[in-house]
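S.K.: Each chain is listed here by its residues.
Protein chains: 6
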Amino acid sequence: MAAVEPGPLAPGAALRMDFAGAEATVAIGVSRLGHHSVWVGSVGDDAVGTMVLDRLRAERVDVSGCRIDPELPSGLMVRERRTADHIRATYYRRGLAGSRLSVAQVDTEQIAAAGVLHLTGITPALSACARDAVHAALDAAVEAGVPVSLDINYRSALWSRADAAAELAKLVSHCDIVFAGLDEAALLVPSASASAMAESLAALGPSQVVLKLGGDGALALHRGRVIRQQAIPVTMVDPVGAGDAFVAGYLAGVLDGTSVRHNLRLAATCGAFAVSVPGDWAGLPSRRELDLLNGTDIQR
Amino acid sequence: MAAVEPGPLAPGAALRMDFAGAEATVAIGVSRLGHHSVWVGSVGDDAVGTMVLDRLRAERVDVSGCRIDPELPSGLMVRERRTADHIRATYYRRGLAGSRLSVAQVDTEQIAAAGVLHLTGITPALSACARDAVHAALDAAVEAGVPVSLDINYRSALWSRADAAAELAKLVSHCDIVFAGLDEAALLVPSASASAMAESLAALGPSQVVLKLGGDGALALHRGRVIRQQAIPVTMVDPVGAGDAFVAGYLAGVLDGTSVRHNLRLAATCGAFAVSVPGDWAGLPSRRELDLLNGTDIQR
Amino acid sequence: MAAVEPGPLAPGAALRMDFAGAEATVAIGVSRLGHHSVWVGSVGDDAVGTMVLDRLRAERVDVSGCRIDPELPSGLMVRERRTADHIRATYYRRGLAGSRLSVAQVDTEQIAAAGVLHLTGITPALSACARDAVHAALDAAVEAGVPVSLDINYRSALWSRADAAAELAKLVSHCDIVFAGLDEAALLVPSASASAMAESLAALGPSQVVLKLGGDGALALHRGRVIRQQAIPVTMVDPVGAGDAFVAGYLAGVLDGTSVRHNLRLAATCGAFAVSVPGDWAGLPSRRELDLLNGTDIQR
Amino acid sequence: MAAVEPGPLAPGAALRMDFAGAEATVAIGVSRLGHHSVWVGSVGDDAVGTMVLDRLRAERVDVSGCRIDPELPSGLMVRERRTADHIRATYYRRGLAGSRLSVAQVDTEQIAAAGVLHLTGITPALSACARDAVHAALDAAVEAGVPVSLDINYRSALWSRADAAAELAKLVSHCDIVFAGLDEAALLVPSASASAMAESLAALGPSQVVLKLGGDGALALHRGRVIRQQAIPVTMVDPVGAGDAFVAGYLAGVLDGTSVRHNLRLAATCGAFAVSVPGDWAGLPSRRELDLLNGTDIQR
Amino acid sequence: MAAVEPGPLAPGAALRMDFAGAEATVAIGVSRLGHHSVWVGSVGDDAVGTMVLDRLRAERVDVSGCRIDPELPSGLMVRERRTADHIRATYYRRGLAGSRLSVAQVDTEQIAAAGVLHLTGITPALSACARDAVHAALDAAVEAGVPVSLDINYRSALWSRADAAAELAKLVSHCDIVFAGLDEAALLVPSASASAMAESLAALGPSQVVLKLGGDGALALHRGRVIRQQAIPVTMVDPVGAGDAFVAGYLAGVLDGTSVRHNLRLAATCGAFAVSVPGDWAGLPSRRELDLLNGTDIQR
Amino acid sequence: MAAVEPGPLAPGAALRMDFAGAEATVAIGVSRLGHHSVWVGSVGDDAVGTMVLDRLRAERVDVSGCRIDPELPSGLMVRERRTADHIRATYYRRGLAGSRLSVAQVDTEQIAAAGVLHLTGITPALSACARDAVHAALDAAVEAGVPVSLDINYRSALWSRADAAAELAKLVSHCDIVFAGLDEAALLVPSASASAMAESLAALGPSQVVLKLGGDGALALHRGRVIRQQAIPVTMVDPVGAGDAFVAGYLAGVLDGTSVRHNLRLAATCGAFAVSVPGDWAGLPSRRELDLLNGTDIQR
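Residue numbers (UniProt numbering), protein chains in the order written: chain D, 1 to 300; chain Z, 1 to 300; chain H, 1 to 300; chain W, 1 to 300; chain G, 1 to 300; chain B, 1 to 300.
In case anyone wonders, no lab produced these hints; they're calculated from the structure.
Since this is a predicted model, take the numbers as computed values, not measurements.
All C-beta atoms in this analysis are idealised placements derived from N, C-alpha and C, irrespective of residue type, glycine included.
Among the hints, a few may not be true.
Said to hold, decoys possible - Derived Cβ-Cβ restraints for the label pairs, each shown as a range:
(1) B:Ile68 to H:Asp183: 28 to 34 Å
(2) D:Leu213 to G:Gly205: 53 to 59 Å
(3) B:Gly215 to D:Gly215: 17 to 23 Å
(4) Z:Val103 to B:Ser173: 46 to 52 Å
(5) H:Asp291 to Z:Pro233: 55 to 61 Å
(6) Z:Asp163 to G:Thr235: 35 to 41 Å
(7) B:Gln110 to Z:Ser160: 53 to 59 Å
(8) W:Gln110 to D:Tyr91: 41 to 47 Å
(9) G:Glu143 to B:Gly214: 53 to 59 Å
(10) Z:Val103 to B:Gln110: 36 to 42 Å
(11) G:Arg223 to B:Gly215: 38 to 44 Å
(12) B:Gly214 to G:Ser193: 38 to 44 Å
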């Protein structure tokens, strides 16, 4: 639930209902680019939960493995736009439906048939059972030889940097692709230049390390080579979700089987679409819309 | 956070930020009618908590005894207007700041100096510490000879009818004024006609029993006499908060020292104001606005 | 400037800009029904004044005789919807452009060529120069044998009942058609039944007296006969402007040359259109739209 | 695209994008009640077409048989709310994508596997190829022994009463269930009492005739017996779509295998949900929400 | 009908009703700058058509020569703001009222009395009869010695570049002033530098060629001299309509009889006003508002 | 009452109710930064007046010394956003409640106990009695040795530059801190460089002169030293109120007892908060929010 206008929340203020979540944004982004995607989560048996599943279904994301918790309400976030440039979020997640994600929801066969398993650093921070589910999924993918992608997605409201570092280090060592911002990378490796940090992360195991640098674009390290991508200039109307949109584009490229350079370009394009439309995922492009930001102009 | 338009919640739906709460509505209503009122509660150290305290202060409600919890977010409610006639609420209260109300916040001197102590059946359902606080406040009032008012305000999402009945029976026996709807009264006494139920409730201790009958108005039992009040006809735009507005009017009458008949009339007038304006308390009248619904017309 | 939602005005409340005025509503209503109409007024040289003249022009109302005051701002009204049923207006008129209407704007030739001269009881209350303008217009019409219509339109914020009665009595004695609500009629004649009051008013001079009775419809007295008209049932969304819309319909009938019974029917139809659309005049019908409320159904 | 507020359309007026259509409303209603439903139509390769298909997919309606026309834009409707009680629609359908529905889209196997084939009187009015498609579907259902339902849905903007009567008579003779309003029934049989008209319609072939009587409820004729159903009282906020929601409920009952009386009750309940929420289909109930209007109260 | 917020169109999305059109924007712009202007077009006998004519009348544009088509609906455009920077329009024009503009509407006397006849490349693309009307108007102006202005206004949705080039070449050869963007100029002359293209266009006949260069301003070629004008820096909120506003300013300058340099300045000022206000024409300036963007500051 | 969207005011345009005023913005800003503040003014006994006092109370500003005028309406301002960059205000102040501020409201003891008395150049321009009140307050502060601050705040709609200069010169000579823009400083001293003008102003008496330079930041002259402060870069959504927010920050620094350099920094931070939120004062920071714009990032 996000405030429509900048300013401290006040009685009568207009809010906009939307659903958001790093994993859902990735799933929608990959689906809009034409790949089959599956989202596994847990929602309450309430209006919010119904809305989340309906909308994912509209986006052709497979939600058949989701849990509908009979007792707990769906998780929430309240976003205040304290100023035009600063968003302040209050999370309602602890002890709510989303934290009940469990090993029982991990479908080994489905994972074995996937092109990529994507995990985030949010899920293991929600609860012990959610953490177990992450590990079970990871194991299933490793077992089946399915590449695993991880976005660090550190959330300070959910756990300390120390707790996060300990848990994420375990996950990273089994992953093929790791996404992180510089601050997030610093959870696991010493602060240094972006390329040095990418190298340190790669030393932990992943074959591809992708660092998201905000306005400075992104950088990937693959087979010892550093590839850089500039941010694509657009009018920014809502920065939230840019990183997840970026991941969606990159993973769609991975599923396409294209080069790292091409994947970065696709990732940056998805990020640009996301920030030039309100909401986390609403602006994500279909494949044929990609040209809008790739030089082919449209009539205004 | 209440949906603006009827219909299932959908992505992009407009919501309206507001704060609500049975006790706050009563405090604001009494204050607008010219009496000093104090609200004791617990909020989070966040945008929602700040908004609640600011707004109560604007209404001249004394909030100096409120707790600002350093860790837990403020409680929330999401109101879906499933149809034009049906509101469906999801509560976020368990484990949030509001449930941390505690005995430490009970100011014995302040209670001793009060005209009335008003309690609701919501607070003891929030947590053990909140329940203790209710009893401490009740004891302080009884000790000081301050009349105690209780609105049953049964919330099925918070506790079972059996648990509620056990706890509320204890409170009722020490109260002077009890407010209830017919369904709520049936927690404590056998279902029967409204006047018979009022008599059964009075037998538990209170000197005044006031039953809220919705569109059928209200009924008070005082010194063995039943006094009835019709609902005041207005265009209803938001039924939520009507009962609390009614209580505010009644208690303002008690503080005025007027008759039960007069108090019922004031209560019904406040209820009518509340339902003809969106929001729980926004429509509550100042004393001089009372005439708007008492026959003295205004230019339209 | 009218509040969009019921409730006391609060910071951030949504207002809707519109222009309103008894005379403008009549002019627009007559114009939409296909007659030429002229509005003579005075506005400020500001955004509000420009908006008023543009919109009247859009409605084909001739505004070539209006004054644009080089110094004073346009008059304003702030409408709070205190409850769903009660509107509370604050007027900004005294010492503003509208009060500078003057004799210099009275175009004797234009009046002589008119089918009806319509005056209201608002204009003479604005200022001495506006009052003089009203008398000059009245004299010109009487001189030229043009029928004069007067709507009492008593505004308590502008003058006392005594002052209004003194002035309006002078005007009524020279008018052919007088419109009034029962409260307004009581300024000039003793309170009694509607038909008795109509007779008393007719005794002051006018050949047609039309009493607006709100939900009870209307009543006309003409040549000693009383003709009654029921209100036409519609969903009421904004009662303001109903009386002026009624007058517009009646006067359009007068210009059509139809019977009093027919004029009353047209008047009631215009009133019904006006109240079932927000704004004072926005809902007024064109001639071919009249059938919407006259039994010929449309596809919904 | 429907005007948000009553009144003639004006520059700057707020509209609300939605998609509507008799057949889509029926498909969504049946799906929400737990049955598999398929919608076969034709949309443009544009924003409107994408929105329609996404939303139907969200509702679990199978749209895999829809055409996306590469050349023509999607059909449109502009709804002006001329007054609070009167909606005025302008249709953009002729020569647009919707009229390109064709025989090639009729999937004989899918129809043979269906519980009911539902047709409307709108489709054959769109174009010759759409009409052919209707007949091909009808033939396939008859061939496979699948019951056929037809809602007359007469649209005067699309064809004359004479043309409609000629075409619809052909369809009705092959149908099992026919839905009509009284005006629509009068296209095919002489005007008379509702039950007499139902009998005349039944004489044309259908084993069930259901007449929609608006505020007077509905009436079904089955095996020579007339069964009546009252309208369920709710606050009406948007009457459009009520008839289609009614059909959805009735057909869900047919698929449930319940009695005509029960089907009528379900139909009326769906109609009541639809009109108490803005939009044609947004308010349609899931099965467990049915109790909201069936006496089991919810907390407000 | 334009989406209010960026993002793919979704059910429930807010749209804003407005009317737009290259010729109407020019007519309004010229009128606001104090010249008499006439708009000749064709609209449907519906809410949209009524709105268009009312609003033009409000702007003092003479619409007495417009056709109101008794059968076809008014043309429409749906504008999706796919991102903050990209607008995607779907046109509803073919087979609608606007395409019925005909020779019968060409008023030779009115044209002979005009200061300028302004044509666009849109009209001849609508239908054969509209094309005939354009030629008839052009002939009348040439006959009477009235200067003819043409804005290429190429619309790819209406015709191919080849068809447009063939038709526009005929028109250009008879015009005095031609407006084009660089892409539009390339329909008729080889791509080259802006000044070279202007010279090639001038070689086709026009005495003044004005190229609109977007953010790079504009360039006019007159009597062999190239005059350049920078764009005036403002906050851009809606780029649509800028080119037409520019033309309005230029033509107002032509009617003023001022120099080409002055006309370009006035044109750029009108373009700047247009883009800093939502809507195509709403922001166009009156003559005395011009100073707002010409250095004379106003209090903010 | 401020237009929500850019463009000339039109019927139906959305406005936003808010209250504004240089002195109120300063009082709220100082209060949010943790100091006690008192606002002395005069409002009407109407919805606007009630809203102003309620909201100031919510902000913990002491309004106990305000007058509620029994006869005159509250002052108003209508703000048209003519373009995205230009706001055009029409003031309704003359002859309204605000101009009745009087000597009787000057509480000598309260002033003697204050940390700073802040005056503006608006109040003495409202009426003779308001001017007398300003002088009485000034005298009381001087008498008690309380520092006096003055913001020139020249309003051309209220008085001429000559009248303002004469009056303000008197005030400046008794003040300790003077705030002015360059244009405002030029009322009292010859135009020159900012630092030279500051010196000229200091020569008139004040020990601190602070010049507000808009996008160029600010400059203070104190004990012969010039200290400069850059503007803090933020996304500007509403420039109005920036200067008053700046003053609030500076005076809070004065009350904190910090250095001029620190006060300027606090002032610039407050200005930055104010412009990145709609409304004059809504965005003003609490003390702990200051870090948002001071380099410590928050999660977006």
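S.K.: What are the numbers of the hints the structure violates, in ascending order?
M.R.: The structure conflicts with hints 4, 5, 6, although it agrees with all the remaining ones.
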